Structures are given as C-alpha cells and as structure tokens.
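Novice: Place chain B on chain A using the hints.
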Amino acid sequence: MEQFYVFLQQLINGVSLGSIYALIALGYTMVYGIIKLINFAHGDIYMMGAFIAYFSVSYFHLGFLSALLISMAACTVLGVLIERIAYKPLRGATRIAALITAIGMSFFLEYVMVFFVGAQSRAFPNVLPALRIEFFGGKVFITGKELLIYGVTLFLVVLLQFIVRKTKTGKAMRAVAFDREAAMLMGINIDYTISATFALGSALAGAAGVLVGIYYSAVNPLMGMTPGLKAFVAAVLGGIGIIPGAALGGMLMGLIETFVIAYGQSTYRDAVAFAILILILLVKPSGILGTNVREKV
Amino acid sequence: MNMRKVLAALLVMTFVFGLLAGCGNSSGAGGNAGGTAGGGEGDTILLGVNFELSGGLAAYGQSKINGLKIALDEINAAGGVLGKQIVLKEYDNKGDNAEAVNISTRLMGEDKVIAMMGPVTSGRVMASVDVAKQFQVPMVTGTGTSAGITVNEDGSVNDFVYRICFIDPYQGTLAANYAADTLAVKTAAMLVNQSDDYSIYMAEAFKKTFEEKGGQIVESSTFMEGDLDFKAALTKIKSSGAELIFCPNYYEPDALIAKQAQELGYDGYLLGGDGWDNLDHLIKTAGADALQKAFFINHYFPGDTTEKNQNFVKKYTELHTDTPPSFAALGYDLMYFVADAIERAGTTDPVEINKAMAATTNFEGVTGSFAMGENHDPIKSAMVIGYTADGQYKLVDKVQ
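Line by line, the protein sequences give chains A and B. Per this note's numbering, residue 10 is the first one in the first sequence, and the count goes up by one each step. Per this note's numbering, residue 4 is the first one in the second sequence, and the count goes up by one each step.
Chain A on its own, in the form it takes in the complex:
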C-alpha cells in the first residue's frame, strides 16, 4: 500500500512536469502547423516570460495574476516582433535558412539576457499562499502551485482549442495551414494570420515561463534550452501541427521522465525517454495523434 501512495505522488510530480512541457509544446506545434518552421527561439520566449514576471514581482511588487498577464502580453509582442524582423523576410527562402535563423534568434535572446542580467540564476519571490491538500492521511498531497499549473494549462489548452476551432482567426489559421496559396486567393490576410499564430504561441510560452518561475522559484537566461528541446520532442511525439497532440505529447514526456527516475535509473532518464520516443515514431511516424497524409505528387 505504501508503494501505491508513492506511485500516486510520483504521478502528481509527473503531471506537473508534463503540463509545463505541454504548454511550451503548444507554441511549437502551432507555428510548425502553419508555416512549417521549427521555431527554436520558442524556448527562449518562455525564458523571457519568466524574467518579465520575475521583474514585475520583484521590482514592482505585482501579484500573480497581473504578472502572468503582463508576461503573456509582453511575450505576445516579442513573438510578433521576432516573426516580423527575423522570419518574415525569409518566408520565400529555403526552410533550412529559416531554421538557422531561428537557432540564431534563440542564441541572441539567451546571450542578450546573459549580458544584461548575468548567467546566474535568480530566486523568484513567492507570490502564492502556501496551500497543501492531503489525501490518505497525508501520504499523498498536492500543493497549491501544482493545482495552479494544472488549472492554467487546462484552461489555456481549452481556450486555444476554442480559438482555433470557433473563431474567424482560427479558421484563417487552419486554412493557411492547409494550403497557403489557396487561402490567399480566398482573401485571407496571410501576414496577419501568421502574426496571430506567433502571438498566441508566444503568449502560451510566456505563461509557461511564469508558471515555471513560480513552481521552481528560480529563473536564469539559459532555462529555456532544455525544456525547449524537450517540448519540441513532445510536439513531434504527439503529432506536430496538432494541438491536442502537443498537450498529450508534453504530458507523456513529463510522465516518462518522472517514472524513469522513480522506478529506473535516474542516469538514464533522457536515454529512456528518447528511446520510447523513437519507438513510438517507428510505429507511428506522424506522431500519436497524427494522421498519415499521403504525399501529393
């Protein structure tokens, strides 16, 4: 029975980690779905989101909600700017050129932040009241921070799904993703639609950054590297370009990592996680929720 409680506790740990990956993965998947660009700067927008929240809380003493909204707004602007300055001029160029630009943008954001704030990690002030809900006589518990992460992630995934499925902008996004030229001929403003995609994706990354800052109470300029990469993998795992797929992939990544540490060897955490990824992709190359699209020749 004791082992079962430990299992439940690890499940809670895994879902928290997975929610964070899922939030970042959503942005990757949206941008990829629409302009077929792997936006490597995405993990760094997440980092910027965490820093903006850090400054709003530490220096302007704002509460959680205002810090979250400010970060999301600032990341939206940043994401749109990056798209306009770095990616738009290359829209007609080869995909590899755009990819390299994205990697360059990622390093640019990282080291600009290192220059201004230093590479050391900073402590994120505690903005939430300590809350702890216990089950089974305290053997298993969940903290307020974890509940917050679950709640915000779930809300944002549903909201995103709503925007993409039910709004006009969402419809335009899907149209552009399906066939850019045809969409253009139908009078859809491509530039606006792509900007909107970046705006949405970046806002989600910003939110993830704030949540991570609060959850781990630490922010640093290189914090986006590893989670960014893992979230990208999560997006591929779920089926890149598919929104529920990114959420599912992120959740799976978090759970796999947690359970490898819990019931296997922590040293092989990433090796096992990636081996499972390779296995899944061997069986289903388009990802878990992906549909095999026949190449149009």
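Any given hint might turn out to be false.
Claimed, not checked - Okay, derived cross-link-like pairs now, BS3-like style, lysine-lysine, Cα gap no bigger than 27 angstroms in a straight line: (1) B:K358 / B:K87; (2) B:K216 / B:K189; (3) B:K397 / B:K311; (4) B:K115 / B:K358; (5) B:K136 / B:K97; (6) B:K296 / A:K154; (7) A:K177 / A:K45; (8) B:K241 / A:K154; (9) B:K216 / B:K241; (10) B:K136 / B:K358; (11) B:K92 / B:K318; (12) A:K148 / B:K241; (13) A:K154 / B:K210; (14) B:K211 / B:K189; (15) B:K317 / B:K72; (16) A:K148 / B:K296; (17) B:K210 / B:K401; (18) B:K317 / A:K148.
What the hints assert, rightly or not - Listed next, with one range per pair, are the computed distances between beta-carbon atoms: (19) B:A291 / A:F125: 25 to 31 angstroms; (20) A:F16 / B:G59: 44 to 50 angstroms; (21) B:G151 / A:P253: 50 to 56 angstroms.
No lab work stands behind these hints: they were computed from the structure. All figures in this text were calculated on a predicted structure; none of them were measured in a lab. Just so it is clear, CB atoms sit at the ideal spot from N, CA and C, and this is done for glycine as well.
Specialist: Using the frame of chain A, we list chain B on its own:
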C-alpha cells in the same frame, strides 16, 4: 573552392599561432637550474608572491593578498622569522598560465626567493609545479583545490609543492564523518550532478567513508546541469527512508533541492560541501525554514570564536568593508604556514624549508588546524555551517 582556401588559411594560422604559443611557454621556463637561493642573506628574508591580481580571477587574488598582508605585518611586528624581517617580492600573473610560469621562474631563478606563495587558482598552480621542482624551491598554494597539483596521475607526489586547503573530494570524507559520527545517521541518499567532476568525486569519497563507518547508501540519484525538477528523485528518496541526503553540488541545484524536499515533507538532514556557500541565493530560493536541517562543509567561518580568528576578523574589517571571505583567511594562514616552516627549519635553505613543510604536524590557523599529509595535502579540520531561523549562517561544529 573558395571555402577550401579559407579553411586552409585558417588551419595554417591555427598552426602558426600554436607554435608561437608553444615558444612563449618554453622560453619562459628556460632559466638557471639549481643553485642555492640568496634570498636569505643580509637582514631580510625574501619570499615570492605569484598571484592572480588582475584579469578575470583578480577577485580571488586580491582577497587572498589582503589576508596575507595582515599576517605579514603581524609577523614582522613580532620580530620576523629567524630574527629577520620578511620582504615580499610580488608579481601579478594576470590569471594566465604562461605568465604564472614566467613569474615562478623569475622569482626562483633571478630573485632567489626561498619560498613562493601562490598561485591562487588550480590551473596556474599546475602550470608552475615543474618550475618549483626544477629550482628546488618550495611553493605553497593556499587555495588550489585540484587533486593533480600535489599528486600526479601515477600516484607520485610532487616534491616542493604544497597546499594548505583541503581538496574537493576530502570534503566528502569530512561530510561522511560528520554524518556518521555526529549526526549519527545510518542511512543516507545522494543526489549528484553527474555533469560535474566536483560533485562526482565528492560523492565517491562520501560513499566510501560513510560505508566504512557502517552506514548505508540506500538511494543514489543523479541529475544533469540545468535540471530544475528534483521532485521525482526526492519522492523516491523520501520513500526509501534515508535519514540524510548528501548534495555535493553547487548552490543553484542545492537551493532547489532544499526547497522541493521541504515541499515534499522530507524531514531528514541535507548535507553538502563548499559549493553551498551562497547565503543570499539559498535563503531567497529555499527560505530559512527549509534549511533548518541543512549543513555544509566549508574552509572558513568568519564568526568562529577562536582568539586567533577574532583577531584576524578585527584587523581585516578595520582595513576592508566586508567580512573576510575564505580566500582572505586562507591567505592569512598561508603566510603563517610559510613563516612557521622557515622558523622550524632554522635556516634559509629552501631544501631544509621543504623538509620542514612536509614535517608540519600541528599548524594552527584561522581556517582550522592541520598536519601535512604524505601527499602534501593537509589533513585538516573543517567548519560545519548551518542556518539560523532568521536566515544567517551559524557555526554548527568543526569536523576532523
């Protein structure tokens, strides 16, 4: 085609610069070998200082020389050694290996010092080791912690080369002693950064000593640089029943571990090495509450109440605005260690001083007391530091 030319040009340039750099090194080391030093003649004793006083490592060198000079003034005011005043010949190696070698050569070959203090950081010390052996002049570092300074890979000990600080893995041994003897825990877990040698070697030393003392490592978990999430590992450790978690890492992961351990309701001890030494970061990230059962091993504690240390802290704070950092304290002890060895040798002959250094049995300094081990590493006591409820350091114990 063009690309190839550029590549070829680059290769040639790399090669030429490599050669030039090689020349710079070898021309520096070619001084006069052997010969007795003349630093002890007349009324003064000449000692060399080869420190990182400018460049990226300057903060360490400056701190250390501040401490060293306080000791120098005290020794000279008390009549010097062997009845002679000590005079320092100071050079700045700028944190550069080649420069450190040149300075060692100049100090030992031309200035004829009878002993050299420095360099401050491991890389520079390693570079100077051969010079000391060549000129047969003892060289002592106060702060070079790399194991390879005193002992070569084949196990042979570098004669004429000493240090007065403990090496990194030794902290693991001390931590295990403290855990097993003082905290009296029987089971421990380790949470180790596997991308850092500092952590790996310290963990190995801890495990070895702790098991020798009858303890049991019930869980050993690793993580990578940059990891933020330790909850899975900590949940596992908690369920293993370990009474203590050994965290031989730098302060960033340690702060997260302390915080997440508290959130998970882990109520055992946390123990680490000098990588923990960043009070501000630990308190801000983890909070004092999470650190009430956390301790770490360190070289020095400014609040130590020994008379020797009180005197040092008083003099240091009269001259400087901060409380003395570990480097200043080790600089202070370094000066006293060299003076003590010369006094015991009874002569200014570097070879005799070398013998006296190796034979040190109970040196008392502000960073603890030690005997010189056969590897020329001190067998030294260390401070065990904990946290008060309002988030300040406190000296918990000294461990041998």
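Novice: For each hint, tell me whether it holds in the structure or not.
Specialist: Status of the hints after comparison with the structure:
1. A hinted pair counts as satisfied when its Cα atoms are at most 27 angstroms apart, and B:K358 with B:K87 qualifies at roughly 21 angstroms.
2. Straight-line distance between C-alpha atoms of B:K216 and B:K189 comes to about 9 angstroms, which keeps the hinted pair within the 27 angstroms bound.
3. Note on B:K397 and B:K311: the hinted pairing holds, with a Cα-Cα distance of about 18 angstroms set against a maximum of 27 angstroms.
4. Under the criterion of a C-alpha separation no larger than 27 angstroms, the hint pairing B:K115 with B:K358 is consistent with the structure, at around 18 angstroms.
5. Pair hint B:K136 plus B:K97 holds up; C-alpha atoms about 23 angstroms apart against a cutoff of 27 angstroms.
6. A threshold of 27 angstroms between alpha carbons decides the hint, and for B:K296 with A:K154 the separation of about 24 angstroms falls inside it, so the pair holds.
7. This hinted pair checks out: A:K177 and A:K45 have alpha carbons roughly 21 angstroms apart, not beyond 27 angstroms.
8. Distance restraint check for B:K241 and A:K154: the Cα-Cα separation of roughly 20 angstroms lies within the 27 angstroms cut-off, and the hinted pair is therefore satisfied.
9. This hinted pair checks out: B:K216 and B:K241 have alpha carbons roughly 22 angstroms apart, not beyond 27 angstroms.
10. Straight-line distance between C-alpha atoms of B:K136 and B:K358 comes to about 14 angstroms, which keeps the hinted pair within the 27 angstroms bound.
11. Distance check on the hinted pair: B:K92 and B:K318 sit about 23 angstroms apart at the alpha-carbon level, within 27 angstroms; holds.
12. For the given pair, A:K148 sits about 11 angstroms from B:K241 by alpha-carbon distance, which is consistent with the 27 angstroms threshold.
13. A distance of roughly 35 angstroms separates the Cα atoms of A:K154 and B:K210; the hinted pair therefore is violated under the 27 angstroms criterion.
14. With a CA separation close to 14 angstroms, the supplied pair B:K211 and B:K189 stays within the 27 angstroms bound.
15. Between B:K317 and B:K72 the alpha-carbon distance is near 14 angstroms, which keeps this suggested pair within the 27 angstroms criterion.
16. Between A:K148 and B:K296 the CA atoms are separated by roughly 22 angstroms; this keeps the pair inside 27 angstroms, and the hint holds.
17. A distance of roughly 20 angstroms separates the Cα atoms of B:K210 and B:K401; the hinted pair therefore holds under the 27 angstroms criterion.
18. For the hint pairing B:K317 with A:K148, the CA-to-CA distance comes to about 52 angstroms; that exceeds 27 angstroms, so the pair is violated.
19. Here the CB-CB span from B:A291 to A:F125 is close to 30 angstroms, well matched to the stated 25 to 31 angstroms.
20. For the pair A:F16 and B:G59, the supplied restraint of 44 to 50 angstroms holds, since their beta-carbon distance comes to about 49 angstroms.
21. Between B:G151 and A:P253 the CB atoms are about 55 angstroms apart, so this pair conforms to the stated range of 50 to 56 angstroms.
Hint compliance for this structure: hints 13, 18 are not met, and every other hint is.
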